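> Assemble the complex: chain A is given as a structure, and chain B must be docked to it using the hints.
Heads up: the protein sequence lines correspond to chains A and B, in order. The first sequence runs contiguously to residue 219 in this note's numbering. The second sequence runs contiguously to residue 282 in this note's numbering.
Incorrect hints may appear among the rest.
[Stated by the list, open to error] These stretches of chain A come out as covered by chain B in the derived footprint (C-beta under 8 Å, 3 or more residues):
#1 154-164
#2 168-174
#3 188-200
[What the hints assert, rightly or not] Beyond 12 Å from chain A on every Cβ pair, some chain B residues (computed):
#4 Lys174
#5 Gln182
#6 Thr185
#7 Ala186
#8 Gln210
#9 Ser223
#10 Lys226
#11 Lys228
#12 Asn237
#13 Ile238
#14 Ser244
#15 Ile247
#16 Ala249
#17 Val257
#18 Lys269
[As the list claims (entries may be wrong)] Partial list, derived from the structure: chain A residues whose beta carbon lies under 10 Å from chain B:
#19 Asn137
#20 Tyr141
#21 Gln143
#22 Gln208
To be clear, the hints were calculated from the coordinates, so they are not data collected in a lab. This structure is a prediction, so every number in the text was calculated from the model and none was measured. Yeah, the Cβ is synthetic: ideal placement off N, Cα and C, and Gly gets one too.
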Amino acid sequence: DVKVTQSSRYLVKRTGEKVFLECVQDMDHENMFWYRQDPGLGLRLIYFSYDVKMKEKGDIPEGYSVSREKKERFSLILESASTNQTSMYLCASSLVSGGYEQYFGPGTRLTVT
Amino acid sequence: KNEVEQSPQNLTAQEGEFITINCSYSVGISALHWLQQHPGGGIVSLFMLSSGKKKHGRLIATINIQEKHSSLHITASHPRDSAVYICAVNKGGSEKLVFGKGTKLTVNP
Numbered sequence: 107d108v109k110v111t112q113s114s115r116y117l118v119k120r121t122g123e124k125v126f127l128e129c130v131q132d133m134d135h136e137n138m139f140w141y142r143q144d145p146g147l148g149l150r151l152i153y154f155s156y157d158v159k160m161k162e163k164g165d166i167p168e169g170y171s172v173s174r175e176k177k178e179r180f181s182l183i184l185e186s187a188s189t190n191q192t193s194m195y196l197c198a199s200s201l202v203s204g205g206y207e208q209y210f211g212p213g214t215r216l217t218v219t
Numbered sequence: 174k175n176e177v178e179q180s181p182q183n184l185t186a187q188e189g190e191f192i193t194i195n196c197s198y199s200v201g202i203s204a205l206h207w208l209q210q211h212p213g214g215g216i217v218s219l220f221m222l223s224s225g226k227k228k229h230g231r232l233i234a235t236i237n238i239q240e241k242h243s244s245l246h247i248t249a250s251h252p253r254d255s256a257v258y259i260c261a262v263n264k265g266g267s268e269k270l271v272f273g274k275g276t277k278l279t280v281n282p
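So that you can see chain A by itself, here it is in the shape it has in the complex (with noise of 0.2 Å):
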């Protein structure tokens, strides 16, 4: 089974932080993304990368960035953390030749105060 996990289920800092955020996939999959999901918005695309130093813009990349210095970990990073980046985010993983399918972490609550 492909596993997608991310290092915090809850995560609490103070804005102006630095945040990271960290996602590692064991199926080595090519595709990986990084989503935040609010009432009443759904998912939304942060980033996406489609191979090892490869970076995407998504939806709403501002304030954020990411990096993908190996094939299973993708990480995000709020720079300097705000209140409205309070969210769930979701990591997720796909396969190029897989058909589309994505596989998702568990996800982090992520408060800033």
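Structure of chain B alone, referenced to chain A:
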């Protein structure tokens, strides 16, 4: 207008009822997905469809490409089916998903 629309937004049913959740999309797609999210956050893929119908246990998913519409049916619903059900599509040949806002299903015993 959102490219993927789901209805209803909220649905309450009694245990044993037949449930239908609808999804309409306005773009060309290469695949449509039905996802399930239980309280607590984790999302599980239920179905991926590009045509026809798929069945898994009590769950059935159908898609009509000409009408740009898909339905998720749950037969003999059970309280453990209570979750948010999300429809998502791959636009064209994109690896990225476009999501509906989800349908919150509550099944009462």
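> Could you let me know if the closest chain A CB is still more than 12 Å away from the CB of Ile238(B)?
About 16 Å separates Ile238(B) from the closest Cβ of chain A, which puts it past 12 Å; holds.
> Does the interface hint hold: is Gln208(A) within less than 10 Å of chain B, judged Cβ to Cβ?
Holds. Min distance 6 Å.
> When the nearest CB of chain B is found for Gln143(A), is that gap smaller than 10 Å?
holds (8 Å)
> Would you say Asn237(B) is clear of chain A, with no C-beta pair closer than or equal to 12 Å?
Asn237(B) clear of chain A: closest Cβ-Cβ about 19 Å, beyond 12 Å.
> The output says Lys174(B) does not contact chain A. Does that hold with a beta carbon cutoff of 12 Å?
holds (14 Å)
> Examine the region 188-200 of chain A: at least three residues should have C-beta closer than 8 Å to a C-beta of chain B.
holds (count 4)
> Does Thr185(B) sit more than 12 Å from chain A, CB to CB?
holds (18 Å)
> Does the claim that Gln210(B) lies off the interface hold, with its Cβ farther than 12 Å from every Cβ of chain A?
violated (9 Å)
> Please settle this one: Val257(B) was flagged as non-interface, so is its CB more than 12 Å from every CB on chain A?
Violated: least Cβ distance 10 Å, not greater than 12 Å.
> Is the claim that Ala249(B) lies outside the interface with chain A correct, judged by CB distances over 12 Å?
holds (26 Å)
> Can we trust that Gln182(B) is non-interface, i.e. its beta-carbon lies farther than 12 Å from all of chain A?
violated (9 Å)
> Taking C-beta pairs only, is Lys269(B) more than 12 Å away from all of chain A?
violated (6 Å)
In the structure shown, a violation is registered for the earlier hints numbered 2, 5, 8, 9, 17 and 18, in ascending order.
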